[in-house]
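Engineer: Chain A is already provided as a structure; the job is to place chain B on it using the hints.
First to last, the sequence lines map onto chains A and B.
Going by this note's numbering, the first sequence opens with residue 4, and the numbers climb by one from there.
Going by this note's numbering, the second sequence opens with residue 1155, and the numbers climb by one from there.
Since the hints were derived computationally from the structure, they do not count as laboratory data.
Check before you lean on any hint, since a few could be wrong.
As the list claims (entries may be wrong) - Rough simulated footprint, nothing fancy, chain A against chain B, three-plus residues with beta-carbon under 8 Å:
(1) 1337-1349
(2) 1380-1390
Claimed, not checked - Under 7 Å between C-beta atoms, here's a sample of chain A residues computed to sit facing chain B:
(3) Gly5
(4) Thr17
(5) Arg222
Where a beta carbon is used, it is the ideal one built from N, C-alpha and C, also for glycine.
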Amino acid sequence: VGLAYLVTLLLMATLVADGITRALPIDWLTFRPWEAALQQVPPGAAFEPHREIDCPRCYGDLANMANLPRYRVYRHERFSTDARGYRNRADLIGDAPVRILLVGDSFVAGAGLTDADTLGAKLTARLGVGAYNTAPMVFGPTGYKSLARAFGATSGVVVVQHLGWAVTPAIGTDGDAPGPLPAVGAADRFRGSFRRDVFPLRILANQAVKSLQTGRLLRNPFADFATIDELANGQPMLFRSADVAVWGGARPPFDVWAGPRWRDNVAFYQWVQEQIAPAGLRLAVLLVPHKYTAYQPFLRATPAARREVDPYLPGLAAALRQAGLVAIDLSQPFYAAAERGLATGELVYWPDDTHWSPHGVDVAVAAIAETFAAHGLP
Amino acid sequence: MLFNSLPFLYAFLPITYVVFWQLRSRQQRYVWLTLTGYVFYGFWNYKFCAIMAGSTLVSYLAGLGMLRWREGPARRACLVVPIVIDLALLGFFKYADFGIDNLNAVSVWLGRPLALDPLRIVLPIGISFYTFHTITYIVDSYRGVVTPTRNLFEFSCYVSLFAQLVAGPIVRFRQIERDLDDIDHADRRVDLDAAWSFFAIGLAKKVLVADSLARLIDPVIASAEPLATLDAWLVMLGYTYQLYFDFSGYSDMAVGLGLMFGLRLPQNFNSPYKAVDPADFWRRWHISLSTVLRDYLYIPLGGSRFGTLATYRNLMITMLLGGLWHGAAWTFVIWGAYHGALLCLTRAAGQRLEAVPVLARQVGTFLLVVIGWVFFRAPDLPTALRFLRSMLTPASGEPLADGLALLAALVVAGVIAHTMPNTFELRHRPRPALAVAMTGMVALCLLVMYTGNATPFLYFQF
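Pulled out of the complex, with its shape left as it was, chain B reads as follows:
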């Protein structure tokens, strides 16, 4: 079920909301949110609910184990076993066919073809997100950062909370623990305007901006026709903004939905296209993922504590795995490596970057990010290289069918992304006139949704 779908807005959300606020006790609300999370998830494929339930149960039991064993091998097992299970699930569902493809390719290269059949596994939606929820919970419990909960439904409500279940943000238990504990004291009216404000802005970002851009650029990217240099840049800029408005729109809606139930979800985007260098970009883009990678991978690897070379190595490992997390394809690995290299270069440049004017740094960072998105968007390496060739060398091709419309859409998206405050910087207590305008915006979104052409969020695939 999509947030931008009529069944969600007219059935799932009102029922979930009304029943939730009728329930009084904490336990009832946990159970209800768990149940609705599974219903929400089951709409996509109910068979995979069992995997999520299994992952939840294993991590919950591990948490109980950590409460019992304060040290020693048993406690260590409570850390290792659930993480191994989660990573095995992720590895099997997400990377098994990728591994088989590469084994086949290597065996052909060695002259001993294996010709293994791919398993053609269906990727359970959101598995990358909820396994990270459970892993961060286990690690934080082990480190003593959080006290594991004894309440199964509190934990399952955290893992399966529909607002952040399938595409994040990756919420750490510690970030939501207090709100979960106070869920029976939440006041329905306190954040309701802010909740709808977040939701409305996110909906408009997705339905009006991202999907409009997608309609203009998707046919061009799907076609194998050669593109002129300028057109290739226009299309990739289109994707750059589409991805931002799509994913940040989803995150805004998730934050709004959380607030409707008294839960404050963290900020996931902080105007990333205003970043002044690649490191700054990663402090602003998909913040919940980049901080998880930092805290649970980069720093345990040693971070920047063991000299320059080790730092570069750790950055590259972190970004390569970050790239691979997004998808089982070499394009994602290259995208990760590219950003790893950019982070290393930024670090190497150090204070010297400060001498460059801020605007130039912003433009330079943005262009580097756009080039990176080529690998992120391309279905395969040859397509990515073809696109890059068109962008970076003088090329000619048929003019874009919707060139002017795309240009207009880019201007609108660019002005919003580069010059306006982001959703978290806005005041979410709109005055009546603004409230009416925002309601009009929601009406426009509904009009588009009623056409029946709702598209899934891009980050669902990860």
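If we strip away everything but chain A, and leave its shape as in the complex, we get:
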């Protein structure tokens, strides 16, 4: 048995293993279902349609991206998508007529949450009308109207989530929503693995290397992605370093950047409201604070002088309301829940994740329900 024979055997074995595993879903290799559901997305869809992913030991994106295994908070996550590639489970919406369309990013889509804990599922249970999750796809008013038509809704609410200091798209940004799509086959998955350059053996290899790069044996080159901090009650908490740099670091004078952004955001949402009004749809803007802004006042290391509430979202909410739009600002409810949590241990965001926790979704659902009741929606 010579070296040539052994190396050839090794190359052939890895080639075969590579080829076979490329045709398989990568559910078993990802730290959460999100990445697996994004591997084979047909044009126009948010996720791969007709998918059910079960992840018994998921953990947060910050613990993963910053390669901090010590800070993982393991949880069981089920992730289901419908025929359009959106995260909706038929049994959770049930027979309730769809009257709410949820638009947004990974928060509304439910990153880090099991199906039953997503905003759509909890809002449906709370209000008794179907809340259809279209996140994290960004299309536009045409898509909202065609989905409402597809559900036979002659009236309803489009809840658009707005995260922190996000900048809205340009006025006129529009697109349609996808119709029902077929399931993805093994051949599509195999072909797709070459286009995306993500495939099981690459993931396994990176995991093997990352397991050595935790700062003990080898330096952790990913550590800068997250900032490790501690709440006033001693609970450890990870934050996205980019958010810490914006809110916790030196900032330009508030009015210099906040004012123009408010104006642009309000103008965009006014335009959306005008577009969807003929279809009997009403826009409600859901303002969600970044994790760091919600928790910054309650961090152990934050000096008393810096324990300030981010005025950006309250300011945007006031400007939206002044323009006649419905705005649901989660800043105050989240600050209050975060403060209460110091005593109870309940958190509105996962400690190891950028996204809200099931408790955070409960707080959001309560705030939405209260605003809807006040406006007679949906």
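Structural biologist: Chain B in isolation, oriented as in the chain A frame:
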């Protein structure tokens, strides 16, 4: 395409290999190796294949001309024309912008700014290597050292052989001529274990040692933060070993790949960091280049035949041009001049060096080489001088983030480079246990390659 990439290992190499051994005739094998050479080259930038084809054709025709004209001006033209064309290509693609930059600088200095726009030319990868292949072929044909081939595909297969196409070794036609002539009689099994042994060792040198060192030192060199004296030395030692393991790794892989096709490529490194003086270093480092410079530049200039001063002049010219061959920047010129000066000093010292213990000479030579690499690695002169200042004068700075890991990597690399036999000194018929261990080493390389962070070889830029 990189040797340390998955498409090369899983697609290009197996297809090239299997088809090659299915073909029976010499001509078929020449054509196939030519074709695969162009495919290999085209993966980087197919547009530059035409330049290589042009250079090949001109030199081939010149070779035919030399077969026809045994003497006289026509024969001389067959020598001069292809060399001028090759050097013009090299000059244009590699040195045009360098020339323009310097013209601008001189014109500013003279108070008459020209402000010429740089041409922003993309350097065709490997042009420094294949033009040297064709030039050495032409000169050797003219000198009668080789008989020019009448077979276009034999010649194009020699120029575009993928194993040595983009980063050498610089193989002279005479070194490979016999194997090319016998290519249809090559036995697939004879050297297969040795071929994989060379390839595996080269792959491990590149992927496991050189790239690991690069990950530790590249961020430090890229940062403008001041370095403490010890850290500056550690980083430059890191680069010293990185360059050696990277380039000698590539050369080992090239030798292994050549053997897979029945072609024996020459040794390019002979434990250069064991050298006892600068002249010895150049007999061990990038041997294929240093011998080309010796045979086609230093000796034609007069070598050491016309007295001491002329010898020093010839050494300096050879090393300055050798430095410039590596890149169009003053740092490379200074690096060449530095080594030229070291060679002159070595020559001046003569027999007196023999009195110094071998270990001291080895250490001294190594440290001098390390200092030279500062100019070789630095992106510009100010960076090089800043680095040298940190190394040669007491300096303080922030401690290295990966100081301990770098130290560990240096120990491993140093032990291999200074105390162990080089790849050509090894017996390439590994026993089963060693074969299994080497396969494990290849598996480890594959693991790193599968992460998708393959880095190009350092000598690709030259």
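Engineer: Give a verdict on every hint.
Structural biologist: Against the structure, the hints:
| no. | hint | result |
| --- | --- | --- |
| 1 | 1337-1349 | holds (count 3) |
| 2 | 1380-1390 | violated (count 0) |
| 3 | Gly5 | holds, 5 Å |
| 4 | Thr17 | holds, 6 Å |
| 5 | Arg222 | holds, 5 Å |
In summary, the structure is inconsistent with hint 2 from the numbered list given earlier, while agreeing with all the others.
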